[in-house]
Amino acid sequence: MDFKLSEEQQALKQEFEDFFKREMENAPLDYQNRSPLEAMYGSDEGWEFHKSMKKKLAEKGWLTMAWPKEYGGREAPVIEQLIFSEVQSYYRAPGLDGFGVKMFAPTLMLYATDEQKERLLPPIAKGEVQYCQGWSEPNAGSDLASLKTVAIKEGDHYVINGQKVWTTAAHRADHIFLLARTNPSQKRSSGLSVFNIEMNTPGIEVRPIEYMNGVHIYNEIYFTDVKVPVEERIGPENEGWKLTRATMNFERSGVGSFAEARRSFEELLKYVQTTKRDGKALIENQIVRQKLAKLYIGIETGRALAYKTAWLQEKGSLTFSAAAASEGKVFGTELRQQVANFATEIMGLYGQVEHSKWAHLNGVMIDGYQMSPGSNIAAGSSEIQRNIIAWVGCGLPRFN
Amino acid sequence: MDFKLSEEQQALKQEFEDFFKREMENAPLDYQNRSPLEAMYGSDEGWEFHKSMKKKLAEKGWLTMAWPKEYGGREAPVIEQLIFSEVQSYYRAPGLDGFGVKMFAPTLMLYATDEQKERLLPPIAKGEVQYCQGWSEPNAGSDLASLKTVAIKEGDHYVINGQKVWTTAAHRADHIFLLARTNPSQKRSSGLSVFNIEMNTPGIEVRPIEYMNGVHIYNEIYFTDVKVPVEERIGPENEGWKLTRATMNFERSGVGSFAEARRSFEELLKYVQTTKRDGKALIENQIVRQKLAKLYIGIETGRALAYKTAWLQEKGSLTFSAAAASEGKVFGTELRQQVANFATEIMGLYGQVEHSKWAHLNGVMIDGYQMSPGSNIAAGSSEIQRNIIAWVGCGLPRFN
Amino acid sequence: MNLDFTSEQDMLRDTVSRFLANECPYDRVKELEETAEGYSPELWQKMAELGWLGLLFPEEYEGYEGQFIDMIIIQEEIGKAVFPNPLFSTVIQCGSIILEGGSEEQKKELLGQIAEGSLIMALAQYEEDGSYLSSGIKMPAEADGDRYILNGTKMFVMDANISDKLIVAANIKDKGLSLLLVDAKDTGITITKIPTIGKDNTCEVIFKDVRVAKENIIGSPGNGLEILEKINAKAAVAKAAEMVGSCKACIDITIDYAKQREQYGKPIGGFQVIQHYMANMLLAYDTSYNYLYRVACMVDEGEDFTAEASALKACLNENYKFVSERAVQIHGGIGTTREGDIGLFYRKAKSCEYICGDTDFHYENLIDKILSANPI
Amino acid sequence: MNLDFTSEQDMLRDTVSRFLANECPYDRVKELEETAEGYSPELWQKMAELGWLGLLFPEEYEGYEGQFIDMIIIQEEIGKAVFPNPLFSTVIQCGSIILEGGSEEQKKELLGQIAEGSLIMALAQYEEDGSYLSSGIKMPAEADGDRYILNGTKMFVMDANISDKLIVAANIKDKGLSLLLVDAKDTGITITKIPTIGKDNTCEVIFKDVRVAKENIIGSPGNGLEILEKINAKAAVAKAAEMVGSCKACIDITIDYAKQREQYGKPIGGFQVIQHYMANMLLAYDTSYNYLYRVACMVDEGEDFTAEASALKACLNENYKFVSERAVQIHGGIGTTREGDIGLFYRKAKSCEYICGDTDFHYENLIDKILSANPI
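Chains as they are written, first to last, in our numbering: chain A, 100 to 499; chain B, 100 to 499; chain C, 118 to 493; chain D, 118 to 493.
Treat the hints with caution; some may be incorrect.
[Said to hold, decoys possible] Listed below are several chain A residues computed to face chain D (Cβ distance under 10 Å; list not exhaustive):
| id | residue |
| --- | --- |
| 1 | Leu111 |
| 2 | Phe118 |
| 3 | Ala405 |
[Claimed, not checked] Partner residues are not named here, just some residues of chain A that face chain B (Cβ under 8 Å, in silico):
| id | residue |
| --- | --- |
| 4 | Gln385 |
| 5 | Ile386 |
| 6 | Gln389 |
[To be verified] Residues of chain B clear of chain C, computed beta-carbon distances all greater than 10 Å:
| id | residue |
| --- | --- |
| 7 | Asp101 |
| 8 | Leu136 |
| 9 | Glu297 |
| 10 | Met347 |
| 11 | Thr373 |
| 12 | Gly378 |
| 13 | Leu391 |
| 14 | Tyr406 |
| 15 | Asn486 |
| 16 | Gly492 |
| 17 | Gly494 |
| 18 | Arg497 |
Don't read these hints as lab results, they were simulated from the structure.
Quick caveat: nothing in here was measured; it's all calculated off a predicted structure.
C-beta: ideal position from N, C-alpha, C; glycine also.
Full structure from sequences and hints, please.
Okay, structure coming up:
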């Protein structure tokens, strides 16, 4: 057993490091005082930067490194993807449309017609389009299968009516991949289908949801008699649920959380070394020291788990990695919450200050304090993740 | 609003203080290095002291202060009972057989025949007998209503077969009040009856359960063809479940936990003021200081809740006090667990030492460390208490 | 012992509660947050008319000689409504300082104006290094004839932007810490709002050659330390009351939501994990609430409550954050939005943490007080 | 990168696991706890025969030149079995010290005896004030001709009661901290077991005019500090491995129990609150386990692992307590008894916390190491 990167991996890591370090020097300010998610989708400047980065990543072949060779990828091993994620997250760098590259593309590869693949995959690979994911609804959050948006076939098209919510980046996206009920007489996971829809189709209305800190990431989408050609249905009619399970060997270790937390830890460390209160450097305060120690331990143990998850995933051990992906998610988001909590406590009165000339560390910690509840809820709440860990990881019986 | 004791209450409190302080000076060593529960039932010396204290409390009328006047009590207000509990717990003093005085006696007063009352209540009031409570069974813990011990009527007696478990003090008790199934064809809370049984009745076998620290508090009880005269059945046949709900206006604020914790806090405070490590008094360590601050806050806020609970109970506000009793229980036992955790951490290497010449604070903290899981489980686990708080206190729907 | 409120107190709570529910529902709170003033002058006038601003003052200064506990009731209700208003700065901090240490003239002149709602005040104590300690107050008040001259920066001054007068803590050579009454509109003063998570009136106040007449010292030179420590402890209790009220609102709102929101065919409040979250929230609240009134009674009864004030504020710092964070988690997505009301509490919990001392400050202070009460 | 074990390592784990399952089930552990020796000489011999005691030593000293990671695997399995034995004291602490700093003669003489199971040793470092710091070692070794004389008390010496030899940390004037080899049966030495929650061989060792020949210094006078710090870090990793194994056993035992124990007509493992407890326990374990091997690899690869050793031990101190405490809670009554196996882990978790440094010690040490690696 050893944790050493091979020479090739080391070189690759260095290439990622050099690239992101250099590129992020020109990033708009938003990338220093907010999370990448907010910076990418929340401001026009950040969005433009994301788009330009997307092109650059596409040119390097990094967007699609994990894709199968037949679709222009290079089937990069999970560990290489892990290294990429780790470096990108550490630099808080944008440029990856995960909805297109990691979520919709695998669905297309598995279920789309040749025509659809030829039409839809290249723009994703080239970083030319932005996708959003039309799943959650007002009454279908954790319980996705209870969704109500309908797509009724009428001749050569479907007519879509309903509402989606919590749609990240819908206001920036060119396309949405939508899950809707094509057979309203069927319940829950039966009778659903997946569609690829251009966001400028008539009848689609996007309304912003303002996050608690005022940033615009999430949206509601209203569909009113939206006509979608039959050719935009992906996979068989009424079999959409299984498409939501489509996945590829993308790393899903959650390593990004730990890399982001490590970056914050390093900033916080420098801060407590250089900031004095009551005549003493903050690092001399034993409470501060213990908080840092706890964060360090969380970061390093989480990272060790992420590496193991990627390793086993590479080797095809899917049972472990299914529970481990949930573990990485919940441990990672709660760790980032702890970083934000501890940092804003350590900063004392300055802990509350948002980005401004008075802010310490650009206000990124109080931004994290506001973003962290969202992270504990989005993409499967911590409650759902713990249920999965208990069911899959511990083999306990499902209730209900 | 004011928290001041009246002059009478103040005098009463002083009387309790003087009594317990004086009496506890002669208490066996066990009362200094173990919890009162262990000292009372776990050693012969402790048991004898408990019995002698019981007599003294009876003589003072304090055993039955809350009883109705018709049964020789003086219907002491809940606040006076609270003061008594607080002082007694602070001094870790024995002398109260709660099973007899607080649990079985009210059942008798409500449901027993005159003959039974005359026969059974006076010995309890005089502190002459010890009771134990025969409820839990191996497969009926949190789910008491699933109990299986049967009492089958045969002429002028019942024949009892079955097993009870976790019976505190069964090896010391003269009597047990038993819940058994008199109608085996009925399920759960139907078909149960309550019996008063002498522990020396043939067919009763008490087997000790050794607690993790080796102390003998709990027991298993096996009933094999135990004959009990019909006159020992309390209340109507098959209506026993409602007898388990019998209660009186005893204070149930859990104030004892907070008083015990306060005593431990004071000992710990003195300890950290007078103990040096690495040339510094422990109290100079900021981590130690924060732990003490957290304990103080837990103790004082818990105590404030207990006082309010008693106040509202006195005024007949039973809905609040039902949830509040659960709150006091779970908060109190988890606080004592925190005291034990923090204390044994603060003591460093000495934290692990049990009572001996090397032990600090007589080893009472590591004893508490071992007793606290038991407290979180016995008399309604913390999980059950939180369910009740959610159902009664928050009005959330019961699951199942 | 009597743990019931008087019927007047019940009525007061009722009045405040109804007033705020009618006049400042959560949507209005969010609107006010976005304004430069951060409060409603109109509602401030109404509060004056209702007698709340003069509640604590003696009759001779246009007050009602209310108990401290009455103000605690108001603060609790304000906390339930997360109602933005300068009562805390003006009445609880500055009014109390004047009442405690001011000259007869100062009391006469200022308390009446506060009571009638025509004077808003702010307390400028903290400085740029963010210390909560009185030793952290470095700003000098330099004697210059019959005046003092103030130069320097005060930070985190709540409501300075809407104040008519400031009370400034500064050091007079050979005398020590002193409290000076300063006209907020002085040309040497620059006031700027600092953007915070609480979206409140936290301000930076820069003093440049600000001249203060010697008679504008509160009480006498050098008595600032004693007054500040006493009033800061009292203010901590009042701020804790607001936080207790906020916890209660979080719980009530979340119970309603958990009963009504369904997933997997049942209310989410029927899931055991949510139930245990809520049980822990209620526990945090019930312990806090009852301790609050224990401490408030000590204030009214004239006991030394400085240890308890620190215990209470530290407790609420942690409990309000805990309760509001869990409330957001139970709400899910809507909890994280500006539209959802619960996010208000999550943000305010964080800003309340810093007002009148953060948790570490109060832990340390509490232990100091315990140690001096329990010498070896 | 290769995160798989070698097939030899898999085999080793398998052997240890089966050996302990057969030879020392939990009932036997409880019996051993009650004996004065606290271990089984017979099993110790078998461990020697299986080659575990010499595993880490070079071939020339009767060893197998195993990797540190092999010992970690053994420790992990020992942790699963909570198997009481002096491998930690004799091999991991004392054997490593001799290997690290001993003279050729000492290595030749002692390592072979350790490997063959005929020599049990204990490390006497801590003293009466319970300090973990090397500065807390006050005992002098007074030079007296060609000998040193030891007087004083060593505390919390694990396995002293069954040891043939002790390694004693003491100060030689003008030289500093030194490690001395002492015959445990010396008439000037009094060894007494201290009753602890772990029911282990924690001992007090009193030295009265104990004479030690100068050649019985490990290495040379004054090199004790360097050796101790290095070996203590390594021992902390090995102790953490034991604790990781214990966490795993707690989880496995508790999952089995939660699936089988029914209340209200369903397995208690079907209740969401129990499921979330278990999810948190598994999280604590999986993060700890994977970090353990990350750190163990650093040891084998010769990297500086002192910061990581502290991070790991602090982590396991907390996680083992957390996991075992929740395991008892899920078990209910039976979990609190001597009969139930899970109580063993609850008690051992507490004693493991103190061995090789408690949490606060390691937090402080970790931060010191981080700071020296990251100067401003």
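May I ask which of the numbered hints given earlier this structure violates, with the numbers listed in increasing order? 1, 2, 7, 11, 13, 14, 15, 16, 17 and 18
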